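Colleague: The listed protein sequences correspond, in order, to chains A and B. So for the first sequence, our numbering puts the first residue at 1; every next one is plus one. So for the second sequence, our numbering puts the first residue at 1001; every next one is plus one.
Rather than coming from a laboratory, the hints here were simulated on the basis of the structure. Among the clues, some could well be false.
Claimed, not checked - If you want the footprint, here are the derived chain B segments under chain A, 3+ residues with CB under 8 Å:
(1) 1019-1030
(2) 1088-1099
(3) 1118-1125
(4) 1129-1142
Stated by the list, open to error - Some, not all, of what chain B presents toward chain A, calculated at C-beta under 7 Å:
(5) D1016
(6) A1162
(7) A1188
Unchecked claim - Pulled a few chain B residues facing chain A out of the computed Cβ check, cut under 7 Å:
(8) V1052
(9) P1114
(10) W1155
(11) R1157
(12) P1158
(13) T1161
The model shown is predicted, which means the values in this text are computed figures rather than measured ones. Cβ coordinates follow ideal geometry from the N, Cα and C atoms, glycine included.
Protein chains: 2
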Amino acid sequence: MTGTVHLVGAGPGAADLLTLRAARLLRMADIVFHDALVPDDILSLAERARHVRVGKRCGAHSARQEDINGLLIAAAQEHETVVRLKGGDPMLFGRAQEEIDALRSAGIDVQVVPGITAAFGATSSLLQSLTERGLSRSVVFLTPRTGRGAVACDWARPAATADTAVLYMAGRDATAVTAALLLAGVPASRPCVVVESATLPGERAWPTPLHGLARTCARIGDGPALVLMGDVYADCLAAADRTLERQQFA
Amino acid sequence: MTGTVHLVGAGPGAADLLTLRAARLLRMADIVFHDALVPDDILSLAERARHVRVGKRCGAHSARQEDINGLLIAAAQEHETVVRLKGGDPMLFGRAQEEIDALRSAGIDVQVVPGITAAFGATSSLLQSLTERGLSRSVVFLTPRTGRGAVACDWARPAATADTAVLYMAGRDATAVTAALLLAGVPASRPCVVVESATLPGERAWPTPLHGLARTCARIGDGPALVLMGDVYADCLAAADRTLERQQFA
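Could you put together the complete structure from these sequences and hints?
Modeller: Okay, here's the thing in structure tokens:
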């Protein structure tokens, strides 16, 4: 008898943004395989489980995907409840499909528990909706990073056509990212907000027009960062400008 | 002293896909204003609260947005913990900004609690990731519906440029939606999956190529429906075709 592998979304960071189902599975789990970015207070819910860190972080591959697949298959042959815990939602930039396909090929039952992806966490803190009547009816989530960590050129077109765009893993290559966006036709004045460590105590947000994105991204610290872009952020940008003016004339 | 209004995401439907934070706020709430689509087992968490249904459903406007704003302001002047419960995530197709702006203008504290939007619920049930190495690095969420319930023509371009697209509130206008997508350059063979009542007991999923979308959407029942589209769904479509073949030759 083999167990079930649950691919579980750990959410954006704050422990209470986990779903009730995810919390219950963590408490039941026999073994938990987790990414580097999952905070300790979420992991600590899995009291009776063995914890195995397999996560990658910003291109620093601490375990190869094939090795992770093998570990999950072996764990399901030994345990009833195996949890594979991934930051955000497993099905968005989480390489979930490779794990699902490997597990199903091995005849192992797989379940997926969705999680709050970072974009929604950042958005709730900013109090600025991703969509807005008359301003935005489409939101694209994308990443300029390819498998090998490089920035290719063809990713920017959806960011130029959607009303609101959220760029994952874009902060470290902000110069190349800005160039690709401008080339795809995004106006240099398009309002952006860079958010670091969304929903965590160290959360920070910097509004900037697109032409200032690289300079702004240089201020990102150690936390995971997102770039939000679109006319819905015009008010955020205007408020930041007013604050700056007040500081300059104080 | 005025209270705080919490715009809370109720998630895609299943009660245990609520976040821990949302569940805690519902238990604390003095009054809950909710959409028509929020299931009873989620509402029942708000045991001590007065429940007020203000929701709109499929264009049947049961309360005007300005009236809802007024109700929320009045409630915050009377109660400490006011919850505005919205299906999915409040910041995606939830008209959250109108409520946030009205509340802040009235000097009332607003907090937003993110929720799992239907796309992630449907995706986890299908066991098919929205992104996949070499196949999809961008996902757009959009709606063809305008404020007045009509289908305009300019919404389809992001669906044609992003690798994966999720269409909200598109099932009832599937013929016009298909025409707009084809006109925007989406191939007629692009794999789609129509999902009704994601994460709920009555959940159903029908894979179809884009050219069969209108015929497929005619099968949607009373539940909320989503259209997922992109090459990542090629395997879902192939599996459905194999099942159909087996049925025809049985």
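Colleague: Taking 7 Å as the limit, does the beta-carbon of B:W1155 come near enough to a beta-carbon in chain A?
Modeller: holds, 6 Å
Colleague: Given a cut of 7 Å on the nearest C-beta pair, is the interface hint for B:T1161 held or broken against chain A?
Modeller: holds, 5 Å
Colleague: Does B:P1114 hold up as a contact with chain A if the rule is Cβ-Cβ below 7 Å?
Modeller: holds, 4 Å
Colleague: Can you tell me if the stretch 1088-1099 of chain B counts as covered by chain A, using C-beta to C-beta distances under 8 Å and a minimum of three residues?
Modeller: Satisfied; 10 residues make the cut.
Colleague: Under 8 Å between beta-carbons, do enough residues of the stretch 1129-1142 of chain B, three at least, approach chain A for the coverage claim to hold?
Modeller: holds (count 12)
Colleague: Report holds or violated for the interface hint on B:P1158, using the least CB-CB distance to chain A and a cut-off of 7 Å.
Modeller: Hint on B:P1158: holds, closest Cβ of chain A at ~4 Å, below 7 Å.
Colleague: Taking the closest Cβ pair, is B:D1016 under 7 Å from chain A?
Modeller: With Cβ-Cβ at 4 Å, under 7 Å, it holds.
Colleague: Holds or violated: the hint that B:V1052 contacts chain A, with Cβ atoms closer than 7 Å.
Modeller: Hint on B:V1052: violated, closest Cβ of chain A at ~22 Å, above 7 Å.
Colleague: The hint names B:A1188 as touching chain A; please verify it with the least Cβ-Cβ distance against 7 Å.
Modeller: violated, 20 Å
Colleague: Can you verify the interface hint for B:A1162: is its Cβ closer than 7 Å to any Cβ in chain A?
Modeller: holds, 4 Å
Colleague: Taking beta carbons only, do three or more residues of the stretch 1118-1125 of chain B come closer than 8 Å to chain A?
Modeller: Since three or more residues must qualify, the claim that chain A covers the stretch 1118-1125 of chain B holds, with 5 doing so at under 8 Å.
Colleague: Three or more residues of the stretch 1019-1030 of chain B near chain A by CB distance under 8 Å?
Modeller: Satisfied; 5 residues make the cut.
The structure does not agree with the numbered hints 7, 8 stated previously, though it agrees with the rest.
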